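Input sequences plus hints: build the corresponding full structure.
Taken in order, these protein sequences are the chains called A and B.
The numbers in this note's numbering rise by one with no breaks, and the one at position 112 of the first sequence is 112.
The numbers in this note's numbering rise by one with no breaks, and the one at position 45 of the second sequence is 182.
Every clue listed holds true.
Label pairs and their in silico Cβ distance ranges:
#, chain 1, residue 1, chain 2, residue 2, range
1, B, Arg-254, A, Ser-72, 58 to 66 Å
2, B, Tyr-176, A, Ser-72, 58 to 66 Å
3, A, Glu-119, B, His-259, 55 to 63 Å
4, A, Ser-103, B, Ala-223, 19 to 27 Å
5, A, Val-121, B, Ile-142, 43 to 51 Å
6, B, Asp-250, A, Asp-8, 47 to 55 Å
7, B, Arg-209, A, Gly-34, 42 to 50 Å
8, B, Gln-154, A, Asp-7, 22 to 30 Å
9, B, Arg-254, A, Thr-37, 34 to 42 Å
10, B, Thr-201, A, His-59, 20 to 28 Å
11, A, Ser-103, B, Thr-158, 14 to 22 Å
12, A, Trp-135, B, Ser-252, 42 to 50 Å
Capping the alpha-carbon separation at 20 Å, the derived lysine to aspartate or glutamate pairs in DMTMM-like fashion look like this:
#, chain 1, residue 1, chain 2, residue 2
13, A, Lys-56, B, Asp-159
14, B, Lys-144, B, Asp-241
15, B, Lys-144, B, Asp-250
16, B, Lys-179, B, Asp-250
17, B, Lys-179, B, Asp-167
18, A, Lys-56, B, Asp-161
Since the hints were made in silico from the structure, they are not lab data.
Since the structure is predicted, the reported quantities are computational estimates derived from the model, not experimental observations.
Where is the CB? At the ideal position from N, CA and C, for every residue including glycine.
One letter stands for each residue in the lines below.
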Amino acid sequence: MSRTPVDDVCVAIRSDADVVAARSLGRSLAEQHGFGTTDVTMIATAISELARNILKYAHEGEIVVETVERGSMSGVSVVARDDGPGIPDVGLALQDGFSTANSLGLGLPGTRRLMDEFEIVSAPGSGTVITAIKWRR
Amino acid sequence: MPVPILKQGDCLIASIQSALTDADLLELRDELSERVGRYRSKGVIIDVTVLDVLDSFASRTLRTMAEMIRLRGAETVIVGIQPEVAFSMVQLGLSLDGVTTVLDLEEGLAHLDRSRRARVAHAGG
Ligand SMILES: Nc1ncnc2c1ncn2[C@@H]1O[C@H](COP(=O)(O)OP(=O)(O)OP(=O)(O)O)[C@@H](O)[C@H]1O
Ligand SMILES: [Mg+2]
Chain A
1 MSRTPVDDVC VAIRSDADVV AARSLGRSLA EQHGFGTTDV TMIATAISEL ARNILKYAHE
61 GEIVVETVER GSMSGVSVVA RDDGPGIPDV GLALQDGFST ANSLGLGLPG TRRLMDEFEI
121 VSAPGSGTVI TAIKWRR
Chain B
138 MPVPILKQGD CLIASIQSAL TDADLLELRD ELSERVGRYR SKGVIIDVTV LDVLDSFASR
198 TLRTMAEMIR LRGAETVIVG IQPEVAFSMV QLGLSLDGVT TVLDLEEGLA HLDRSRRARV
258 AHAGG
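If you want it as structure tokens, here you go:
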């Protein structure tokens with residue numbers, strides 16, 4: 001079975017089915033870009049957590065997955081963007097176990113561990129943009 | 138996409154066939170809990186071999202599922218977690234503490250068989 005090549009992925013996140021779609025398209029893009037299974041799974045898991053947070057806290061938003069090059073490095077970047085309530089204290093949100101939803105509080109710190117680079121830009125009332133990059137070894 | 142559930146003796150085997158949405162997973166939880174009562178099952182195997190991601194929601198739901206099934210009087214065994222999925226779960230900080238996990242379906246059946254024998258021996262039968 002041949003797969004159609006995946007270009008940059010942009011998925012609107014509004015329902016639980018969109019979470020599945022985002023991670024499976026992201027997975028295809030990463031596979032196509034030469035990542036091994038372990039890395040591909042880490043990227044797909046990261047996408048899943050970020051998409052899940054969009055649904056839970058902002059109700060809607062989008063996930064963009066694209067290839068990135070920097071110098072001799074090549075990888076994929078995952079951008080999760082929403083116009084939701086924003087995160088008042090990003091440092092706190094990145095601590096293991098911190099959750100305003102009485103959940104495990106592992107999504108953000110865990111995603112940071114799964115990826116090589118991780119950045120949150122957010123402020124109360126102005127939404128959240130999270131960028132996570134994984135470089136190909 | 139609903140998950141087919143097979144009844145084999147006093148066991149139920151749920152083999153997940155494709156990626157599941159959160160709603161699918163919750164449906165599986167309720168369905169298994171209901172069928173354990175209907176068939177008076179003693180063991181449940183959940184085969185997750187095809188799942189390429191087990192994120193925070195999926196692991197939490199699997200734990201809840203196993204606990205609900207336990208409260209209904211049956212034992213849950215999760216089989217088929219792939220090595221890279223296991224690795225990502227550990228990186229994320231997730232665990233399936235308190236849930237029996239074994240390599241594959243064959244091991245799962247053997248595990249439930251041992252539990253069955255232990256039960257029979259205990260009942261003095
Ligand atoms: N997109 C977002 N918009 C607003 N707040 C967010 C967003 N993402 C995360 N947060 C805030 O950061 C906290 C930590 O997020 P994280 O994903 O680490 O944990 P959680 O979602 O609470 O629990 P888990 O992901 O383990 O189920 C959340 O409880 C929430 O307050
Ligand atoms: Mg989360």
